[in-house]
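Chemist: Taken in order, these protein sequences are the chains called D and V. Residue 172 in numbering that gives the first Met the number 0 sits at position 173 of the first sequence; the count goes up by one each step and never skips. Residue 190 in numbering that gives the first Met the number 0 sits at position 191 of the second sequence; the count goes up by one each step and never skips.
It should be emphasised that the hints constitute simulated quantities derived from the structure, not laboratory data. Everything numeric in this text was worked out from a predicted model, so none of it was measured. Glycine included, C-beta positions come from ideal geometry on N, C-alpha and C. There could be a bad hint or two in this list.
Below are the DSS-like pairs computed for lysine-lysine, each with C-alpha atoms no more than 27 angstroms apart in a straight line [said to hold, decoys possible]:
#1 V:Lys-146 / D:Lys-9
#2 D:Lys-54 / D:Lys-9
#3 D:Lys-97 / V:Lys-146
#4 D:Lys-121 / D:Lys-98
#5 V:Lys-252 / D:Lys-98
#6 V:Lys-146 / D:Lys-88
#7 D:Lys-97 / D:Lys-60
#8 D:Lys-98 / D:Lys-88
#9 D:Lys-173 / D:Lys-202
#10 D:Lys-121 / V:Lys-250
#11 V:Lys-252 / D:Lys-9
#12 D:Lys-54 / V:Lys-252
#13 D:Lys-9 / V:Lys-250
#14 D:Lys-176 / D:Lys-207
#15 V:Lys-218 / D:Lys-88
#16 D:Lys-202 / V:Lys-252
#17 V:Lys-218 / D:Lys-98
Chain D is faced by these chain V residues, among others (derived, beta-carbon under 8 angstroms) [to be verified]:
#18 Lys-2
#19 Tyr-6
#20 Asn-14
#21 Ser-68
#22 Met-254
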Amino acid sequence: MIHIEAVYKKFRRLQVLENISARFTAGQVIALIGPNGSGKTTLIKSILGMVRPDKGTIRVKDHLVTGNPDYRQFIGYMPQIGRYPDNMKVGQLFEMMKKIRGIESVDIDLLTRFEIEKIYEKPMRTLSGGTRQKVSAALAFLFDPPILILDEPTAGLDPLSSEILKEKIIQEKKKNKLILITSHVLSDLEELTSHIMYLQEGKLQFIKDLETLQEETGEIKLSKAIAKLMRGQETSSAWIDQLFAVEQNKENPQ
Amino acid sequence: MLKLSRYVLYDILRNKIIIAYTLFLLLVSLSMFRMEENGSKAMLSLLNIVLIVLPLVSLVFTTIHYYNSYEFIELMLSQPLSRTRILLSEYAGVCVSLLSSFWIGVGVPVILYAPDATGFALLFTGTSLTVVFTSIAFLAAVRSRDKARGIGFALLLWFYFALIYDGLVLLTLFAFSDYPMEKFTLLLSALNPIDLGRIYIMLKMDISALMGYTGALYKDFFGSGSGVLFTAGIMALWGIVPLWLALRSFKRKDM
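Please take these sequences and the hints and turn them into a complete structure.
Modeler: Here it is, written out as C-alpha cells:
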C-alpha cells in the first residue's frame with residue numbers, strides 16, 4: 000500500500016533520510032525504531048506530504064504523495080504532540096473533522112472508551128497532555144482508514160488508556176490494515192508488531208519480520224533481539240544499552 | 000474552504016487580544032468624536048491612529064496567530080486538504096476577524112458621527128490596510144521558521160512602512176528639490192500603502208490647499224475617477240502579491 004523508493008532528504012547540511020526504500024502492504028504492523036534524530040518522524044511526515052523529499056518517490060495506494068492531497072483520506076494520523084486551536088471545543092474539533100472528510104464518523108470505539116463525549120464542551124486549551132493524546136488517538140481511528148500512522152502513541156497516556164489503545168491497535172491489525180508505529184517503549188511494540196524497521200542516522204539498517212528477527216538472534220524478547228543485533232555496531236550500542244536499562248528497571252522495580 | 004475558515008474564525012473571535020483590540024478602537028473613536036468640537040479635526044486624529052495602529056496590530060497579531068496555529072496547520076496537512084486551501088482559510092479567518100474589529104471599533108462610530116465622503120474614505124483605507132498588512136504578515140511568517148525572527152521581521156516592516164519610508168521620501172525630495180518631482184512623488188506614494196491611504200484621505204479633507212503645487216496635482220489626480228481606481232488597484236496589488244508569494248513558499252515548505 001505504501002511504496003517508498005530511494006528517498007533522500009537533507010535539512011540544511013544534515014542528511015536526515017538517505018536512500019530509504021521500503022514497501023509496506025496491508026496486514027502489516029511496522030514498528031519504526033531508532034535513536035532520537037534518526038529520521039523516523041521525517042519519514043512519517045514525508046509519507047503524509049508534510050516534508051518534501053529531495054529525491055525519490057513515495058506512493059500511497061499508487062498515488063504520488065506530492066500530487067493530489069486526496070490520498071490522505073486513506074490515512075489516520077496520530078501526531079507525537081497534538082496541539083489544537085485553544086478556543087475550539089472538543090466537540091467542535093470532531094465536527095470539523097467530519098466536515099473536512101465529508102463523512103460521518105465510522106468508528107467511535109475509542110471515543111466512547113476514552114469517554115471523550117463527556118468533555119465535548121471543554122475548550123482544547125484546558126485539556127491535559129494525556130487527554131489531548133486521547134483526542135488525537137480517537138481522531139486517527141475515527142474514519143476507519145485502511146492505513147494508520149501512529150507517532151509515539153502511548154507516550155503520555157496512563158497505563159489503563161495505553162492498554163485500551165493497544166487493544167484497539169490489535170483489533171485493527173486483524174482487520175487487515177497497514178499500521179505504522181514509532182515508539183521507544185519496545186515492550187509495547189512487542190505485542191503489536193509484525194515487522195521491525197530500524198533507522199539510524201537517516202539510513203535504513205534493516206527491515207525484518209519478527210519471526211526472522213527472533214530466529215536470527217535466538218532471543219524471544221524484542222528488546223533483547225534488537226540489542227543483540229545492534230551490539231556489533233558501535234554507534235548504536237550506547238542507545239541500546241540505555242534502552243535496555245530502562246526496560247530492566249521496569250521489569251524489576253526495586 | 001469556508002468550512003475551515005469558519006472554525007479558524009470562531010477560534011480567533013474568542014481570542015482576548017481581538018476583543019481588547021476592538022474595545023480599544025471603539026474607545027478611541029468614540030472619545031475623539033465626543034471630545035472634539037470640530038468633526039474634521041476628530042477625523043484627522045482618528046486617521047493618524049488608523050494609519051499607525053492598524054498596520055501594527057495586523058502584522059503582529061497575524062504573525063503570532065500563524066506561529067500559534069502551526070501544529071493545527073500540521074494537523075490539517077495530514078487531512079485530505081491542499082496546502083493552498085489551508086493557507087487561504089487561515090488568511091480568510093484572520094482577515095475577517097481583524098476587519099470585524101475595525102468595523103465595530105471604527106466603522107460604527109464613523110457611520111454614527113461622520114457619515115460623509117471623508118468618513119467613508121477612512122473606512123476604505125482602514126479596510127485596505129488591514130487586508131494588505133495581514134498579507135504581508137503571512138509572507139513574513141511563512142518565510143521564517145523561527146517565531147522570534149518572524150515577529151521581528153514583521154515589526155521591522157512596520158517600522159519601515161510607518162516611519163522610515165517617510166524619512167527616505169523627504170530625503171529624496173530634498174536632494175532633488177531643483178527638479179520637478181510631482182509625478183515622481185506620486186509614484187513614491189504608491190510604493191507604501193500607508194502613504195497611499197494617508198494621501199487619499201487628506202485630499203478628501205480639503206486641506207490639500209496647504210500642500211502647494213504638489214497638493215494641487217494630487218488633488219487633480221486622486222480626485223478624479225482614475226485616481227480612485229489607481230488607489231484601489233495599488234491597494235489590491237499590495238494585498239495580492241505578498242499573499243501569492245506566501246502561498247508559493249508555503250507550498251514548497253517542509254513542516
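Chemist: Could you run down the list of hints and mark each one as holding or not?
Modeler: Hints, one by one, checked against the model:
no.	hint	in the structure
1	V:Lys-146 / D:Lys-9	holds, 22 angstroms
2	D:Lys-54 / D:Lys-9	holds, 10 angstroms
3	D:Lys-97 / V:Lys-146	violated, 31 angstroms
4	D:Lys-121 / D:Lys-98	holds, 20 angstroms
5	V:Lys-252 / D:Lys-98	holds, 26 angstroms
6	V:Lys-146 / D:Lys-88	holds, 26 angstroms
7	D:Lys-97 / D:Lys-60	holds, 22 angstroms
8	D:Lys-98 / D:Lys-88	holds, 15 angstroms
9	D:Lys-173 / D:Lys-202	violated, 30 angstroms
10	D:Lys-121 / V:Lys-250	violated, 33 angstroms
11	V:Lys-252 / D:Lys-9	holds, 13 angstroms
12	D:Lys-54 / V:Lys-252	holds, 15 angstroms
13	D:Lys-9 / V:Lys-250	holds, 18 angstroms
14	D:Lys-176 / D:Lys-207	holds, 18 angstroms
15	V:Lys-218 / D:Lys-88	violated, 53 angstroms
16	D:Lys-202 / V:Lys-252	holds, 23 angstroms
17	V:Lys-218 / D:Lys-98	violated, 52 angstroms
18	Lys-2	holds, 5 angstroms
19	Tyr-6	holds, 5 angstroms
20	Asn-14	holds, 7 angstroms
21	Ser-68	holds, 7 angstroms
22	Met-254	holds, 4 angstroms
Of the numbered hints stated above, those contradicted by the structure are hints 3, 9, 10, 15 and 17, listed in ascending order.
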